[in-house]
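Those sequence lines, one after another, are chains V and E.
Going by my numbering, the first sequence opens with residue -8, and the numbers climb by one from there.
Going by my numbering, the second sequence opens with residue -8, and the numbers climb by one from there.
Heads up, some of the hints might be wrong.
Identical copies carry no separate label here, and so any pair may be met within one copy or between two of them.
When the alpha-carbon atoms are kept at most 27 Å apart in a straight line, the in silico DSSO-like pairs for lysine-lysine are as follows [what the hints assert, rightly or not]:
{"#": "1", "residue 1": "K388", "residue 2": "K571"}
{"#": "2", "residue 1": "K590", "residue 2": "K544"}
{"#": "3", "residue 1": "K702", "residue 2": "K724"}
{"#": "4", "residue 1": "K544", "residue 2": "K463"}
{"#": "5", "residue 1": "K495", "residue 2": "K719"}
{"#": "6", "residue 1": "K495", "residue 2": "K590"}
{"#": "7", "residue 1": "K388", "residue 2": "K520"}
{"#": "8", "residue 1": "K719", "residue 2": "K530"}
{"#": "9", "residue 1": "K575", "residue 2": "K459"}
{"#": "10", "residue 1": "K459", "residue 2": "K571"}
{"#": "11", "residue 1": "K590", "residue 2": "K459"}
{"#": "12", "residue 1": "K530", "residue 2": "K495"}
Hints were generated in silico from the structure; no laboratory data involved.
There are 2 protein chains.
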Amino acid sequence: MQMIVTKDNLEDFYLKDPGYDPATSKYYEGIMTQGNGYMHVRGSYDEGLIAEKQDLEYDRKPANVTLEVQRFPLSKWGTFVPGVVGPHPFLMTEMINQPYFFDTVLTVDGERLDMAESRISDYERILNLSDGVLTRSFRWDCRNGAALRLTYKRFISMDRKHLALSQLMIKGLSGSARVQIDAGINAGVRTNGFDHFTSIRKNQRQTGCSLEVETNGGNKVLIVSEIEADADFSGKKDINDAIYSSGTVEINENTEFLMTRYIALCTDRDQEEDSLSFRARSVIEEARRAGAQTIYDDHKTAWEKRWSASDIRIKGDHRAQLAIRASIYHLMRAADREDPRVAIGAKGHAGEAYFGRYFWDTEINMLPFFLHTDPEAARNLLMFRYLTLDGARENAKSYGYPGARYAWESSVSGHEECACWQYADHEIHVTADIAYAMKNYISATGDEEFMENFGLEILIETSRYWVKRADKNRNGEYELLAVMGPDEYLPMTRNNYYTNRMVKFSLDLTCAELESLEEKEPLKYRVLKERLGLKDDEKKLFKEVADNMRLPKTDDGSDIVPQSDDFFDYADIDFDEVWKDRSKCFGTCISQEHNYRVKALKQADVLENMLLFGPEFTDEVKSKNYDYYEPITTHDSSLSAAVHGIIAARLGRMDEAEKFLDKVIDIDMDEAAGGAKEGIHIANCGGLWQLIVYGFAGLGPAMWNESADFKPMLPAGWEELEIPFFWKGRSLKVVISDNKAVLIER
Amino acid sequence: MQMIVTKDNLEDFYLKDPGYDPATSKYYEGIMTQGNGYMHVRGSYDEGLIAEKQDLEYDRKPANVTLEVQRFPLSKWGTFVPGVVGPHPFLMTEMINQPYFFDTVLTVDGERLDMAESRISDYERILNLSDGVLTRSFRWDCRNGAALRLTYKRFISMDRKHLALSQLMIKGLSGSARVQIDAGINAGVRTNGFDHFTSIRKNQRQTGCSLEVETNGGNKVLIVSEIEADADFSGKKDINDAIYSSGTVEINENTEFLMTRYIALCTDRDQEEDSLSFRARSVIEEARRAGAQTIYDDHKTAWEKRWSASDIRIKGDHRAQLAIRASIYHLMRAADREDPRVAIGAKGHAGEAYFGRYFWDTEINMLPFFLHTDPEAARNLLMFRYLTLDGARENAKSYGYPGARYAWESSVSGHEECACWQYADHEIHVTADIAYAMKNYISATGDEEFMENFGLEILIETSRYWVKRADKNRNGEYELLAVMGPDEYLPMTRNNYYTNRMVKFSLDLTCAELESLEEKEPLKYRVLKERLGLKDDEKKLFKEVADNMRLPKTDDGSDIVPQSDDFFDYADIDFDEVWKDRSKCFGTCISQEHNYRVKALKQADVLENMLLFGPEFTDEVKSKNYDYYEPITTHDSSLSAAVHGIIAARLGRMDEAEKFLDKVIDIDMDEAAGGAKEGIHIANCGGLWQLIVYGFAGLGPAMWNESADFKPMLPAGWEELEIPFFWKGRSLKVVISDNKAVLIER
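Use the sequences and the hints to build the structure in full.
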């Protein structure tokens, strides 16, 4: 037996942790999250950290997540199966943190291995982004005088979705030690302070153990752990909510010991035959037959296939190269390409923040990456919205509207899950963003069939909501009152430009698609009308509201697009007086009350609109608006920097674009800032991809362009940029150097 | 021994409960609340209701109390000592429901007396408003064949503040029964679903028992119960959180049995010497020496004194007569005249709703009653604000402001306790309302000393807050943005007229009082300036902001005072489409989201301002604004009807005024509507007083009038109206008939 041999160990695929540090340990847990779409595990140490209790219960109440001080400064385990969700007493439905299955406790003469407490040296930990393997190796000078070298490798199989594999190699360096190994499954975890498990069943076998939980969401999750090693692991340890297979090995100078664990996780949500235990056992048996190296090789092949369609190469900028690869890694990891019953949670299934829920980010920030690298995954994301249309219908009804209203925060049912009313009630643009995303998808992929079979139903139902949500004013215009736009620092504005424009787009699209279907497929059109009870009056109203949707404007010749009709009525603020420490979020330096009455944007709002509706604004208008809004934008939202960077790059303002590139990269890659602690800013990962592709490479969006045209403006130092992409059914690659783009068919 | 003999049994002082009915039992608990300022007990049956568990625990989360569906449909005990408060896990600091000390369980041959289950007839229950005695009498046909007449009397002594007294008389009518009586103290109560007691100590003596709780607010409350009866009550029953003295009496035809209970309640908040147990014992011993009749006589004398200063007599309208007496009764009961560390909670200490907290209602709705009937109690209410000024300072600081900002919902510390941010953050007018109330107090009483010693400090500190809270606009005006006015259905408006006018008043008053003190008492002025670090620049700024405070206005000649600068931008609403069932609150028929963007007022806002600043508006302007606002006002708030009634009466629109009089009376007096279930709408009690005194009698407010002038407009059928009142130090009485007022010195 030997450790698996991994391949492609290229430095610019390596995320490295320089060594245990209480200030960064939780950051590395987040950024080193592993997964395969189906399941995800944060990069916690196998043995945990003694100082950090993982089953602490507390009342976590609704609050602004961005501004909240988090518990667990050192470590928070996280094992997630998107779709396995349950109600939290204060926070609505959330993704449940599952039992931690990499749990492996080592003890030598009563000393428990701990990265914080033990004498550790020669430490190296690497997440290889090319194959998602997490490797850790270090020397442990035990208190009893023995010295050991420990090497861990672990991954979650990309092609065997229920399987995870971990290996531990112990070498004797000097002295001798009896190492007790407890390897098991630990359900002593909580999700945002709450215990979602209504029952825990534990089982022990000669060569392993299993643990099954039932959740308060009504699901069953079974985890089976099987050990392969030259030692007896039939010892049982049953401690509170955990179960371990226990064994002891004698390590002397130069002896080597290898333990391989095959771990299977199955749930009753899986659309598969047979009982949970039968399925999990089959996974384990097949894995043992194949052996660790074959499992790795298959896994590596699956990753290679993904990377070949998505890998962006940047010559001359190692930091940007690593950052875009980390972003692509997490985007590919986070998406379940096979299951449209889940989408991508706002923290990329790498933490408990935002509760694993789905926001507008999926459609606006992440979707473009998938459109051009994995159209099937893109389609799945939109199918998720189709499958949750009934939830959206119920949302509309609960607010007193006909039609469908997508949730500001959605879980698997589509029902509104946001516990803070100002967002849930007033940040309504998500419903129109989904329409935009559908059109974007069709433009990029040519998949017209999606619109006919699924999209149009969404369009009709959401249009029914919009025409009732809009109020007609004295001038015959339709208004959207009490709206929170993308800028969440103004919760109740009048005619938010972004929202109104998006709603007009959505209604126009509904009318156009109805007309097109009627013309092309009159029978299908009649069937659809009948099925949804669509009346001609409704169609007329869709058009009337679209044609008369109010879009705020200024009449002073300044070309400033008002964020909302009442935007200029808010107070000016002296940022220097309030925001003294710029390393903190602006929002933490001001009371919400004060924040809600001043012109201080959380994020791009008008500029976001200019990005999505680029052709509607001249460069001059964009430039003026950039100059007006950027200085009053705090970029407290991680969605902001990429948008500003793209606009700046397109305007040729490269110094600013590069400043925003830095900011985008820092959001998750700066270990000192620690942005990835609570999970990956997965929308920003999509943002970085857009910044490179739309911003620096200058690809004209598929929504507004028939052919793939690039107008590159590369940052200083970027010698060559290579981007593979799909474009309306074609598989292409662009290579850019000296600001010249060469397009190649793949 | 005999039952106490009570006096003055006049029908128009009687609140009568016609008999047990599940639909109204909780209503009568609320409306029949007894108290003496220091402590209060809801009018629950001594024996409770078997079907309603009083110690049910549940998570009550912040919500709009008005629209919430309450638990406990049949009965909710309530025993309150204002000032004894503690933290609730979700609702912030709340008044704690104390152990129920009237608890008396009767059992005959295993049949427990229960108003819902037992065979009860010839039932009468009366709360006599003139002396606060609650009497209940009925025939009980026991299952064992015996028939008994039971008579209960109980009251909370108005002059012995720690003492309550209850009597039970049992007469045999036929057959014979061994009646087991368990009389004790029951700590098995919860406040809004939460157990505030951290410990319970129970004690038993030959003739009684005692129970002491410690609360999670850090207080101790000791209750001692002593029994006087011709029977042995040395039996002990210790059940869960309750303790009872237990005795058995043999009742045969024509035998009479009388039990008297002396109950003392003392807390560690009382500003008294000696230990809790010593003090409680002393109360009991003194009471036993005096005897029940003397205790009643003293109590009655104390009530008589109160009534002589406050009783309004209405000839020709029994319903209005009873309603105003109920209102006056509850106002006098709810106010602790001796302890400025507490004020009057929004439900008059008669229920758990609104958490026993203090709102602007105290100053604006209740204070006028006290100004003119009990100036000392009025002063106490304002002293409460002075004593909580430090809490207000901390509120200001927590929001990033200098000075002091009173809490939208205050408990005893003055800290903000409102758990819903839109009110806590944005309904800021309370801070200015307090300034208005101080001026009102001084105008009505002539107590200038209050302003010098206490009021001016409040004015300076709150002015410091206001000048920072205001934003200067491009025209040099000062604006108040993101404000919820009295109309809570628009949470974030621009320049709410009511609020801006009130703030201007407050700042003007600060400047005027500073100037006056400087002129009259230069030394005191210098000491005050020094003590509060008041700079001349600040004074200038107070004046500048006062002089330039924006007051919204229309330029279209319509004379409509805009509720706020953005009021007309909200959408119109078709009330008939949304509000189909007018027996329900409008707010329950519409989503909050929809409500927050339409012109549908919860309550008087502009009209409230016109009431408080009457001389600033002509009758014509008032009339136009009444016509504009009334049809779009839902009166979902109990503060609304009285204001509308007063304005209508003053405009001579008597049909409308009488309609609002009905509405005001119904709020707590209509047993079918059941408004008093969760406690008394005590602000509406003050509103009814104002409607009669300012509205129908037409007294010109002391704020704007030197002498007491009446311009009566009595409702149809009111033959004579008599009002005693204090006016700037004088004790007067007005008698009105045929719309002529005769003023008499008392």
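For this structure, which hints from the list above don't hold up? Hint 8 alone not satisfied by this model.
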